[in-house]
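S.K.: One-letter residues, chain by chain:
2 protein chains.
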Amino acid sequence: MFSMHYTMNHRYWTMLIAVCRVREPSRPTSIHEDARSTENTMSLHLKPDQSKSIATLAPLAALVVFAGLATASWPSAAQDETYTPEFTADKQLKLPHGKIWREWPFVGSLVTPNSLNDGEAPFPEHHVVYIDPVSWAHYKKTGTFRDGTVLAKELTLVRAPDGANENGSTDEVSGTGYFMGEYSGFEITIKSKELYPDEPGNWAYYTFGHHLEPYSGTAAKQPAEACNACHEASAAEDFVFSQFYPVLRATKPK
Amino acid sequence: MFSMHYTMNHRYWTMLIAVCRVREPSRPTSIHEDARSTENTMSLHLKPDQSKSIATLAPLAALVVFAGLATASWPSAAQDETYTPEFTADKQLKLPHGKIWREWPFVGSLVTPNSLNDGEAPFPEHHVVYIDPVSWAHYKKTGTFRDGTVLAKELTLVRAPDGANENGSTDEVSGTGYFMGEYSGFEITIKSKELYPDEPGNWAYYTFGHHLEPYSGTAAKQPAEACNACHEASAAEDFVFSQFYPVLRATKPK
Numbered sequence: 001m002f003s004m005h006y007t008m009n010h011r012y013w014t015m016l017i018a019v020c021r022v023r024e025p026s027r028p029t030s031i032h033e034d035a036r037s038t039e040n041t042m043s044l045h046l047k048p049d050q051s052k053s054i055a056t057l058a059p060l061a062a063l064v065v066f067a068g069l070a071t072a073s074w075p076s077a078a079q080d081e082t083y084t085p086e087f088t089a090d091k092q093l094k095l096p097h098g099k100i101w102r103e104w105p106f107v108g109s110l111v112t113p114n115s116l117n118d119g120e121a122p123f124p125e126h127h128v129v130y131i132d133p134v135s136w137a138h139y140k141k142t143g144t145f146r147d148g149t150v151l152a153k154e155l156t157l158v159r160a161p162d163g164a165n166e167n168g169s170t171d172e173v174s175g176t177g178y179f180m181g182e183y184s185g186f187e188i189t190i191k192s193k194e195l196y197p198d199e200p201g202n203w204a205y206y207t208f209g210h211h212l213e214p215y216s217g218t219a220a221k222q223p224a225e226a227c228n229a230c231h232e233a234s235a236a237e238d239f240v241f242s243q244f245y246p247v248l249r250a251t252k253p254k
Numbered sequence: 001m002f003s004m005h006y007t008m009n010h011r012y013w014t015m016l017i018a019v020c021r022v023r024e025p026s027r028p029t030s031i032h033e034d035a036r037s038t039e040n041t042m043s044l045h046l047k048p049d050q051s052k053s054i055a056t057l058a059p060l061a062a063l064v065v066f067a068g069l070a071t072a073s074w075p076s077a078a079q080d081e082t083y084t085p086e087f088t089a090d091k092q093l094k095l096p097h098g099k100i101w102r103e104w105p106f107v108g109s110l111v112t113p114n115s116l117n118d119g120e121a122p123f124p125e126h127h128v129v130y131i132d133p134v135s136w137a138h139y140k141k142t143g144t145f146r147d148g149t150v151l152a153k154e155l156t157l158v159r160a161p162d163g164a165n166e167n168g169s170t171d172e173v174s175g176t177g178y179f180m181g182e183y184s185g186f187e188i189t190i191k192s193k194e195l196y197p198d199e200p201g202n203w204a205y206y207t208f209g210h211h212l213e214p215y216s217g218t219a220a221k222q223p224a225e226a227c228n229a230c231h232e233a234s235a236a237e238d239f240v241f242s243q244f245y246p247v248l249r250a251t252k253p254k
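Going line by line, the protein sequences match chains A and V.
Just so it is clear: in the first sequence, position 77 is 77 by this note's numbering, and no numbers are missing.
Just so it is clear: in the second sequence, position 139 is 139 by this note's numbering, and no numbers are missing.
Just so you know, these hints were derived from the structure itself, not from any lab.
As the structure is a prediction and not an experimental result, all values here were calculated from the model.
Any given hint could turn out to be false.
In this list, chains with the same sequence are indistinguishable; a pair is considered to hold if it fits within one copy or across any two.
Claimed, not checked - Straight-line distance between alpha carbons at most 27 Å, and here's what the computed DSSO-like set of lysine-lysine pairs gives:
id	residue 1	residue 2
1	K254	K221
2	K254	K94
3	K99	K193
4	K91	K221
Based on the sequences and whatever the hints tell you, model everything.
M.R.: Here it is in structure tokens:
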């Protein structure tokens, strides 16, 4: 297990093998499993490793390779894939930068069209749910949502460029149905004992608006009765609606 | 730009910086952009880099770090994310192993319910479209589908555990709409001048079945009139229905 630290500019690259952590022999059970795991990828910033499988922590060597001729950009997959929620001083959650959630593993989608909900769907209208990659890797191993899990839900309106049928569907070459229009909302939920000791299941919910982009830059935690209560009452698995998400059912270890 | 080659066993790790490729100074415009790019991630196997931005190709150094005490498993994100289609001797496409597509970037979803299509939706019923990560990185940079692009479409039935409304929708806590049931089909399309010089747009289409899992293990290329013709006639962008996929529209460089 390695963490490396790179410092680069246009004419130099400096590579420091800062820490080499040693753990008991273990092989990934699936190459996919580890593709998104921070445990085995490279990181621009050293960070504590939460793996319980670490047997020893041994700095091995500091290695500097200096090549004045080389120009390189070497980003880190792990940095991108390890999302850490950021908050304002008054505890508002900041909108994740770069819309990073759109590259997270897809959990599921559904559509509750306005036209089938008296013009006021609670979530207008397509929902797409994503999970942060580190928590996805954990879910695949354990079938549980780790402390720190982040789920993102983005909404889009139903596409109806030339008008829609009475039920809101449109007739496209793929058939009659509900197609995606423009982005129309964004929400996040986070599970954390430390941050939300008093929330049921330690899940907190944030809404960055149900409207076209741009979304709000920050969001206050919703009161438990606004979101959490419904998840607690109806979601099949630890406040998550896995009954709607085949990939969770298919992936959960048997 | 680097490619590295690792050889490992339980008691040793050997790191070879096999080739260090140099290119003109360029910084990623987005850290996400590069997170899934093979150009900037590590690969277990050296492979030709197709980037046209390479100015110079200069082997710099071969560096071996040998540490007998260390035990490491160091998988490669790039290896996992670089999907190479595999074919049988009679040119049938093999079903990708491990359902790897379910971790690829999400392109879009839509639903054409059987109930709104005389009981016989062309694609029953939810579609979810994914793109292979390397082609996604390319699309973000260029707004085009590179030669080699692979798109995967997986289907699920509409969920209706307690029966459905006449239009096929169900009433759930999130509202009335269409929710995902079980996986019900899988298809792939590949763009390749080399493999499909005579297909319009060099896109070929493969269907692994419209039925519950398990899917067929192999699939023959569909005749152009079965899939390609419709994509050619109606898809907004190089045979891809980007009019249905907001993430493509939002991501395409302006």
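S.K.: Decide, hint by hint, whether the structure agrees.
M.R.: Now for the hints, and whether the structure bears them out:
Proximity of K254 to K221 under the C-alpha cut-off of 27 Å is found in neither arrangement, the shortest distances being 34 Å within a copy and 35 Å between copies. Proximity of K254 and K94 under a CA criterion of 27 Å is satisfied inter-copy only: 26 Å between copies versus 36 Å inside one chain copy. When the C-alpha separation of K99 and K193 is checked against a cutoff of 27 Å, the pair qualifies only within one copy, where the shortest distance is 26 Å, while the shortest distance between copies is 33 Å. Only within a single protomer do K91 and K221 lie at most 27 Å apart by alpha-carbon distance; the minimum there is 8 Å, versus 54 Å between protomers.
Checked against the numbered hints above, the structure breaks only hint 1 and satisfies the rest.
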